[in-house]
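Each protein sequence line maps, in turn, to chains H and U.
Numbering (this note's numbering) for the first sequence: 1 to 366.
Numbering (this note's numbering) for the second sequence: 1 to 296.
Don't read these hints as lab results, they were simulated from the structure.
Hints are not guaranteed to be accurate.
[What the hints assert, rightly or not] A short list of chain U residues far from chain H (calculated; beta carbon distances all over 12 Å): (1) Val124; (2) Pro151; (3) Ala200; (4) Ile209; (5) His213.
[As the list claims (entries may be wrong)] Taking beta-carbon pairs under 10 Å as the criterion, some of the chain H residues facing chain U (in silico): (6) Phe16; (7) Asp73; (8) Leu86; (9) Arg101; (10) Arg146; (11) Leu156.
Every residue, glycine too, gets a C-beta built ideally from N, C-alpha and C.
Residue-level listing of the chains:
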Amino acid sequence: MVSLKLRDLRKSFGGFEVVKGVSFEVSEGEFVVFVGPSGCGKSTLLRMIAGLEEITAGELLLDGARVNDVAPDRRGLAMVFQSYALYPHMTVEQNMGFALRLAGVGKSERRRKVEQAARILQIENLLNRKPANLSGGQRQRVAIGRAIVRNPKVFLFDEPLSNLDAALRVQMRMELAALHRELKGTMIYVTHDQVEAMTMADRIVVLREGLVEQIGSPLSLYNEPVNLFVAGFIGSPKMNFLPAGLLSRDGGRVELSLSPDVRLTIDDVAETGSAQALTLGVRPDMIHVADHGPLRGQVLLVERLGNETLIHVDAGIGSEPVTVSHQGQYAVSAGEAVGLSIDTRRIHLFSPSGRRVARGLQPTQV
Amino acid sequence: MAKDTQSKARGPAVRTGPLMAPAVSLLVLWMIVPLAMTIYFSTLRYSLLQPDAVSFVGISNYIFFFQDPALWTSIVNTLSLVGGVLVASIAIGTLLAVVFYETFPGASIARLLVVAPFFVMPTVAALIWKNLLMHPVNGLFAFFARSLGLPPVDWFSSLPLTSIGIIVTWQWAPFATLILLTAIQSLDREQLEAARMDGARGLTLFYHITLPHLARAIGVVAMIEAIFLLSIFAEILVTTNGGPGSATTTLPYLIYKTALLDFNVGMASTGGIMAVVLANIVGFFLIRTISRNLDS
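Work out the full structure: start from the sequences and follow the hints.
See below:
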């Protein structure tokens, strides 16, 4: 059963189109995360689903019914805002029960539902406080509670964790995932933080400039990004992009050169046209420091995270330094010359247009 | 001894009293001297018609004043004027603030125009209303009434205090609009959106979200307006002269009449003290109501 269906949704402000035709479906009980850089239209898309922005064109179907022109409160959705948007003059209980009160639900029924939601979120002791007397995490819970009380068809979250400090964010991330398991509700979650997307989502929708770049499970996006943008956006630290010149092509087998003395051959490459300049994508953990590695370069910067060491090396390939992620601690300092070798099990090849043309390559020589 | 050092440690190291004395004594003189003189005059039998026959009479001025029905009429008039104008100007100001919060073509010019009456001098405003708008023969309102076939209203004869209230409201509603508009602009947009998601719209949205948000600002407007409205004078002088009868004689106007038309300085000073007391009573209640709002 399909819970929510977007059919070629578009949104323009003035003459400027910010959402340029988005189509996908969210099934019941699914946790879908919209992710993308600022200005990609993810929040606008969420607000269109919520009914806070008018839909310029396209159709929004909720349980099969078109809801384009239905008022926000009649769509049966609930939204958690980035700033929590609690009503400062109401107590927590009044905040959570506000929607029910406006809907004409009786006092005792209201109280029962509010208490039930408060129990789930463990904020029963806060019910008589006002938002000003709550901490950030508590306000966050109240905002979520306000959504739960309404028992919505779909929960909408607009970057709800971005105002919390790092430790609390990790905790709330786990709690939200647990809440999703408990409520089995359909949830749509907007974030610019790919870690939140990776950890919570059943499916991720990657957006860029108002268009869907890719939809898929977190690991499928990580393992099989369809293009340079998704490859660069998903995964932290970011994937390395190395310019590779096409030397020759024989059917699906191509020979590439990374630098004058580093060549590799790749099988099963899709059509790339006549272009000579391709891009090789290598995740930082697939590059290793090796004294006799084929690539050589000078260390620019070392970031020691304890469990992981990030080494930025100027390898003379492309304009960006190559990032190497070394598990554990590694004794190297800036200015040293190091050799690098590339683990070839999970590297990606992109055509000049940014499309991925091959993965899981078996180069004959690196 | 130990107590001494402790209190010293808590206070500033230098004695600040002498440093603040000039400013404080100036303020005290500024406030106390006129007040003391008024109290002094209020205990004298002092009429400008018999300037030689000044004598100390104790509290008999007060006794006389309290027995004068004009005092109670004027206090009732003052309170109705202040109360009516407060309610009307805040209601109109809130409405205009909500209207002008929306953006529409020419909104900035409209906002400027709506504030304009506040900058018109009280006498000028009152004369415009008296002669151009409310005049039973030449006035615009009379013209409208006649063109609808209705008898024109003689505003200052039949509804004197209401008429003055309307003029003063016209002057003070812009002030309320200005303050409330700034307040409404600070309302969090996401809060409004959350309320919309919760099903609030139109009047319920206004009542549950906008109005509570404006409560503080409304309190401040009420406080400031009350201070100025208690001393409304020019509008009465140029329109009704306190009449007909004593229908528009407020406490300030009564004091003016006693001092400058009856030449009774002693009695006028007594009225002045009454006005101070009244202002303090009004101020006390207002501040108490508002500070309760501000706490929450």
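A quick look at each hint next to the structure:
1. Chain H leaves U:Val124 outside its interface by the beta-carbon criterion, the shortest separation being 41 Å against a cut-off of 12 Å.
2. No Cβ of chain H comes within 12 Å of the Cβ of U:Pro151; the nearest lies about 47 Å off, and the non-interface call holds.
3. Its beta-carbon lying about 6 Å from the closest one in chain H, U:Ala200 breaks the requirement of being farther than 12 Å from that chain.
4. At the 12 Å boundary, the C-beta of U:Ile209 falls inside the reach of chain H, the nearest C-beta of that chain being 7 Å off.
5. Not every CB of chain H is more than 12 Å from the CB of U:His213 (nearest about 7 Å), against its label as outside the interface.
6. About 18 Å separates the beta-carbon of H:Phe16 from the nearest beta-carbon of chain U, more than 10 Å, and the hint is not met.
7. A hinted interface residue such as H:Asp73 counts as satisfied when its beta carbon comes closer than 10 Å to some beta carbon of chain U; here the least separation is about 3 Å, so the hint holds.
8. Given the 10 Å rule on beta carbons, the hint for H:Leu86 holds: about 8 Å separates it from the nearest Cβ of chain U.
9. With a cut of 10 Å, the hint placing H:Arg101 at the interface with chain U holds, because the nearest CB-to-CB distance is about 9 Å.
10. Annotation: H:Arg146 was flagged as interfacial toward chain U, and the flag holds, the nearest CB pair being 8 Å apart, inside 10 Å.
11. The restraint placing H:Leu156 at the interface with chain U holds, with a minimum CB-CB distance near 9 Å, inside the 10 Å limit.
Checked against the numbered hints given earlier, the structure breaks hints 3, 4, 5, 6 and satisfies all the rest.
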